[in-house]
Amino acid sequence: MDKAVGAGCCPACPTGVQAYRRTGVPGRLSEVDSVKHWRALIVLGTAQFLMVLDTSVMNVSISRLVEDFDTEVTAIQAVITLYALVMAAFMIIGGRLGDIFGRRRMFLLGLVVYGVGSALTAVAPTLGVLTLGWSVIEGLGAAMVLPAMAALVAESYRGRDRAVAYAVIGGLAGAGIAVGPLLGGWVTTYLTWRLVFAGEVVVVVAVLLCRRVIATPVRTGPPPRLDGVGAVLSAAGLGLGVLGVLQSSTWGWVQPRNPPFTVFGFAPTLFVVGAGVAVLAVFRSWERRRDSRGADPLVHLSLLGRPVLRSGLLTLLSQNLILLGLFFTIPLYLQVVQGFDAFQTGLRLLPVSVTMLVTSLSASPLGRVWGPRRVVRLALIILAAAIVWLLATIDPVIDDAQFAGAMALLGVGVGLLASQLGNVIQSGVGEEERSEAGGLQFTAQNLGSALGTALIGSILIGALAHAFTTQVADDPRLSEEARTQVGVSLEAGVTFVSTEQVRSAAGRAGLPPSEVDAVADSYASAQLAGLKAAILATGGIALASLLVTPHLPTARDSRPRQPNAGDPAEVTGPTR
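Mind the numbering: the sequence shown is residues 349 to 924 in my numbering, read in order.
If you're looking for bench data, these hints aren't it; they were derived computationally from the structure.
Some hints could be false.
Derived lysine to aspartate or glutamate pairs resembling DMTMM-like cross-links, with alpha carbons at most 25 Å apart [stated by the list, open to error]:
| id | residue 1 | residue 2 |
| --- | --- | --- |
| 1 | K880 | E848 |
| 2 | K880 | D689 |
| 3 | K880 | D869 |
| 4 | K880 | E420 |
| 5 | K880 | E829 |
| 6 | K880 | D743 |
Computed spacing ranges between beta-carbons, pair by pair [to be verified]:
| id | residue 1 | residue 2 | range |
| --- | --- | --- | --- |
| 7 | R632 | S852 | 48 to 56 Å |
| 8 | L652 | D865 | 54 to 62 Å |
| 9 | L739 | P570 | 49 to 57 Å |
For each residue, glycine too, the CB sits at the ideal point set by N, CA and C.
Using the sequences and the accompanying hints, generate a full structural model.
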């Protein structure tokens, strides 16, 4: 177990325990010390802000990226998904490396790796270099930073201060989502998206210069050993599973659409996903075997047997699946269907970002009054209501007022979740389990992000293809020859493009003007049908997520325990 040396972030910056000694109240500080007390949180939170910022920038820059790299939406979808996938696949490994080499050291090293990836992304000449710099190198850096950050926050703060700290971390994530669309949209529209990543390098350097405010933990026991076999199995299993879901929009789920190969005449998607599940089953067996022999596993899977922790992780996965699925789908609606540029898109995403930030920062006390379980359930119901409202706004001509209201309500729901889940997860484990819990926490978060982009993107493309096929078959303005040509094009794969591109393609195919208009109209209707199907799926996930909440702490579980010798109170709930 690691224990922070000295005061919270430096000798002049007290931890919650030292604050108790000075004021007699756990987690409370004098006004003189309060600013110094939170310096470590500012530095650690900046890292969280940074990790979220460029994802939201990428989401509003999709159209420009497609144009700059002369590619398709599905290719950019793959780049965005791969970033989250790399983080999800290596997050548990990153948490374990923090236990082995030290959490502070891993946090700082991860920032260096992340900065290198940002620099490479800023100058990327091709889509392949962009993928290497952003999806791979930045993803690996984030996998080193985030579990260490979660553990360092827990080590630096106690009791109510810890709950506030995790609410602030959630709020800064909301701030990244708030600033990303607007800043990224403005820079992308009037300058270039590359400047955002160049700016990230500057922020990384600034954080590294402030490293002294982060406490250096002291190891109280021998470091664990890295389970190399477990690391390979976990990364491979998660990677295969998400890869299958991601490629489903291109390969098809059962009926082959445009796959590189088939398996017994079927699309390979389900076989790849099944292979991922099988590898994860082998990983589970391997970890239990090592644990039973007294060897260090990659992660103690017994942690997942704790109801509070398991419910928190599953809810966090659902939160990010919903949020990233919507943040992939909605910019396509705004940019491709409505024709807005990146800055105009960022402005229309601002309501969700602002309400998410405000709610996550202000709703932390609700967990002590109502209990995290009730707050999370309320949040999921609000999310479902916001998604229904959002569905009503998906029309050929956008109603800005209705759209803004739906997005603002969506931000309230996500903000309520963010205000509770970080503290619930970290308070469900002991001090020596912080890094493992952090690894699991950000694995769930980024697995949700990867699945959100991949699964919701797959539903969008699948629904688009089905609706377009139906529209073309039922349109009396189209000749049999035109229907055949559209069918051949669909067999080669469908992507989400503007109706003008479809109109141009139909004209180049030699269709008469009346049939060109008919094909374009059919595709426009199919676009809206695909978008609504994808958004509706996120609403179903929000309601289904209520099923994983029964083991979250109640108001009674969240009441402070009687402290022993200044031991601060925490949100706990049953652990077994």
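Right, here's what the structure says about each hint:
1. Of the pairs offered as hints, the one joining K880 and E848 holds, with about 21 Å between alpha carbons and a cut-off of 25 Å not exceeded.
2. A threshold of 25 Å between alpha carbons decides the hint, and for K880 with D689 the separation of about 21 Å falls inside it, so the pair holds.
3. Taking the CA atoms of K880 and D869, the gap is about 17 Å. The hint holds against a cut of 25 Å.
4. Restraint check for K880 and E420: the C-alpha separation of about 21 Å stays at or below 25 Å, so the hint holds.
5. Taken as a hint, the K880 and E829 pair is broken in the structure, with Cα atoms around 30 Å apart against an allowance of 25 Å.
6. With a C-alpha separation of about 10 Å, the suggested pair K880 and D743 falls inside the 25 Å cut-off, and the hint holds.
7. The beta-carbon spacing between R632 and S852, approximately 51 Å, falls within the hinted interval of 48 to 56 Å.
8. Between L652 and D865 the Cβ separation comes to about 56 Å, which falls inside the hinted range of 54 to 62 Å.
9. Between L739 and P570 the CB atoms are about 55 Å apart, so this pair conforms to the stated range of 49 to 57 Å.
Violation of the numbered hints given earlier is confined to hint 5; every other hint is satisfied by the structure.
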